[in-house]
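Undergrad: Protein chains in written order, with our numbering: chain A, 342 to 516; chain B, 8 to 431.
For the record, the hints were derived by calculation from the structure and aren't laboratory data.
You may find that some hints are simply not true.
Selected chain A positions facing chain B (in silico; Cβ < 10 Å) [what the hints assert, rightly or not]: (1) 349; (2) 357; (3) 364; (4) 368; (5) 376; (6) 392; (7) 399; (8) 409; (9) 432; (10) 435; (11) 438; (12) 447; (13) 463; (14) 466; (15) 492.
Being a predicted model, the structure only gives us computed values, none of them experimental.
Backbone N, C-alpha and C fix where the C-beta goes; we use that ideal spot for every residue, glycine too.
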Amino acid sequence: MRLMTRVYGSGPRHLIAILVATVLAAYGWTRLVQNSQAEKTLLWLVAAVILHDFVLFPVYHGLYEGARRAGHVRVDEHRDTRVPVLVHLVVPTVLSAFLLLTWIPLILQPGIAASTYQGITGVDSDAFLERWLLITAGLFVASALVFLVRSRTGGGVAAAGGDDPHGVRKDADAT
Amino acid sequence: MTRGPGGPYDPAIWRSPIRGAWLASFLSVGLLVLFGIDLITGYLSHAAYQPDLGQSFSGGGLDRHLYGWDWPTSPAWLYAFTQGLHITAGIAVLPILAAKLWAVIPKFYKWPPVTCIADALERLLLGLLVGSGILLIFTGLWDISYWYTFPFSFIIVHYYAAWIFLGTVLGHVLIKLPVMREAFRTRGALKPLREDLAQTRPEPPSETTSAPSNPAEPTVSRRGFIGVVGAGSLGLVLLTVGESLGGPLRSIALLSPRGRQPGSGGPNDFQVNKTADGRGIKAKDTGAAWRLLLKGPGTLMMLSRDELLAMPQHTYTLPIACVEGWSTTQDWTGVRLRDLAAMAGVKSPDRADVESLQQGGSFRQAALNPGQVNDDRALLALKVNGADLSMDHGFPARMIVPALPGVHNTKWVKQIQFSGGAKA
Chain A
342 MRLMTRVYGS GPRHLIAILV ATVLAAYGWT RLVQNSQAEK TLLWLVAAVI
392 LHDFVLFPVY HGLYEGARRA GHVRVDEHRD TRVPVLVHLV VPTVLSAFLL
442 LTWIPLILQP GIAASTYQGI TGVDSDAFLE RWLLITAGLF VASALVFLVR
492 SRTGGGVAAA GGDDPHGVRK DADAT
Chain B
8 MTRGPGGPYD PAIWRSPIRG AWLASFLSVG LLVLFGIDLI TGYLSHAAYQ
58 PDLGQSFSGG GLDRHLYGWD WPTSPAWLYA FTQGLHITAG IAVLPILAAK
108 LWAVIPKFYK WPPVTCIADA LERLLLGLLV GSGILLIFTG LWDISYWYTF
158 PFSFIIVHYY AAWIFLGTVL GHVLIKLPVM REAFRTRGAL KPLREDLAQT
208 RPEPPSETTS APSNPAEPTV SRRGFIGVVG AGSLGLVLLT VGESLGGPLR
258 SIALLSPRGR QPGSGGPNDF QVNKTADGRG IKAKDTGAAW RLLLKGPGTL
308 MMLSRDELLA MPQHTYTLPI ACVEGWSTTQ DWTGVRLRDL AAMAGVKSPD
358 RADVESLQQG GSFRQAALNP GQVNDDRALL ALKVNGADLS MDHGFPARMI
408 VPALPGVHNT KWVKQIQFSG GAKA
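So that you can see chain A by itself, here it is in the shape it has in the complex (with noise of 0.2 Å):
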């Protein structure tokens, strides 16, 4: 047992878990291999891991920090709504980018997505940009409408952001 986490690094358990996952993933990676299909697959694997990590985190990350600092400006001295604020926008937005995320081929249309959708279906495809367009204009109505009622009883407004003393140190990452 000693042995086993000097030279492995943990028990076995660890090691029972790591021979499950490699027997089921060789058996799918096997069978692409026979069905040629394993260095495109391995491709866009590698590069889901790559785009997440390495462009679509950054790019979030980024535009948030960039709203929290821009937000920070109109900080008033005596009532800091300014974490309100940043909520009220952020929520829409993420809620807009799902919509967005899950369905890019049906709203941008990218390359022959239209006519393939036509094809397909018997229908054109022009209604979704508009559709993605006006539920993304009533999240951030609604989140607008909350935000006004929040702020007019005081509930919570005020408070949240008086809680938050770190508007200007440096933080490059606090949600």
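Got chain A; can you put chain B on it based on the hints?
TA: Okay, now just chain B, sitting in the frame of chain A:
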């Protein structure tokens, strides 16, 4: 600890106070439920395509051993249900996966990147897990949106990447279960959901979790964070699920490939998969000269549409359910496959091979299992909702079989070959 190269490798820059074992574990429960549904319904869908009748596109492997059983015909909505669930869960999982990756991303950047053999293997496993998870979600989404931008066969890659995903998920769960159990034991499985912003405290920093060593003040509670993720998930479902449920609910599926009524009413106004134009079906091939080729062992017959209409007609209300998750239920009228088999001299049919007029395409033919051929409701349909089939719905005749994956309900039927015994 070795000094890293800084940037994301400096643990002090990861400051969100809500990151940690509880958030990662709570999101994982959601992922396990949704991915679990997707794995089960995914393997069921593979079974529904009957790989043992040569319809899996990849052949070989474990197919013959795992799927050597016949997909049933009852309940008729079976495939509409399992596949609607598959697509709905797959759509709902995206926000939760994004949130989970956000919650654990500091762990991706650790220095040194690998400390021992176990660590190296686990990092490789995690890479495969994340990569195959994202690959499965997006190949699925792009397939149902008809954006065939991937340079590989969707069916083969989606199916076998699922094996890689299944293996790495099981491994990951086995390794991390103690962390999850510990997080729920020390922090309460649901307790952090009752904490508002003022009560939100960071978890103590730890080598094994993503709790920050240098936490900032919270700007959102864990409850708020999970609320937004859940709203994203639920919103996606609300804007999609109507295409699976059909009827008046279809009109609320505003952002989904099949949320619209194709025409302006009438008996043939329902979802089309592959138009006649798109598949190169010519009016001259489906006109008065069209004949159904009926084949049995040693028998070859040709039947005109009028001759088919003169046979006993039966009407059933049945769904067509697509692998893409949408379905639509209509009243179909036509001739029983069993009657056609008998005509071809096969009194107890155990297989039917159906071919379309369509020249190319992966699904220009389909095979039926014994239960499907012998079901009372399995029809060569000539009419829908009381009217002749439209060209887009397969005129002059199409297959309709309960619980069969939609694309196997061959349109523009050219020939049916029955095999089985000559005696009843």
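Undergrad: Each hint should be assessed against the structure and marked as holding or not.
TA: A quick look at each hint next to the structure:
1. Because the beta carbon of residue 349 (chain A) sits about 5 Å from the nearest beta carbon in chain B, less than 10 Å, this interface hint is met.
2. Given hint, residue 357 (chain A) at the interface with chain B, holds; its Cβ is 7 Å from that chain's nearest Cβ, closer than 10 Å.
3. The interface hint given for residue 364 (chain A) is met, as the beta carbon of that residue sits about 7 Å from the closest beta carbon of chain B, less than 10 Å.
4. The closest approach between the C-beta of residue 368 (chain A) and any C-beta of chain B is roughly 5 Å, which is under the 10 Å cut-off, so the hint is satisfied.
5. About 5 Å separates the beta-carbon of residue 376 (chain A) from the nearest beta-carbon of chain B, less than 10 Å, and the hint is met.
6. Proximity of residue 392 (chain A) to chain B holds as hinted, the smallest CB-CB distance being about 8 Å (cut-off 10 Å).
7. Residue-level restraint check for residue 399 (chain A) holds (minimum Cβ-Cβ distance to chain B is 9 Å; threshold 10 Å).
8. At a threshold of 10 Å, the smallest CB-CB gap from residue 409 (chain A) to chain B is about 8 Å, leaving the interface hint in force.
9. Satisfaction of the interface hint for residue 432 (chain A) is found here, the shortest Cβ-Cβ separation to chain B being roughly 6 Å, below the 10 Å cut-off.
10. About 6 Å separates the beta-carbon of residue 435 (chain A) from the nearest beta-carbon of chain B, less than 10 Å, and the hint is met.
11. Using the Cβ-Cβ criterion of 10 Å, the hint placing residue 438 (chain A) at the interface with chain B is satisfied: the shortest such distance is roughly 9 Å.
12. Here the hint on residue 447 (chain A) is kept, as its CB sits about 5 Å from the closest CB of chain B, short of 10 Å.
13. Annotation: residue 463 (chain A) was flagged as interfacial toward chain B, and the flag holds, the nearest CB pair being 5 Å apart, inside 10 Å.
14. Hint status for residue 466 (chain A) relative to chain B: holds, with the closest Cβ pair at about 8 Å, below 10 Å.
15. Annotation: interface hint on residue 492 (chain A) violated; nearest CB of chain B at approximately 16 Å, more than 10 Å.
In summary, the structure is inconsistent with hint 15 from the numbered list given earlier, while agreeing with all the others.
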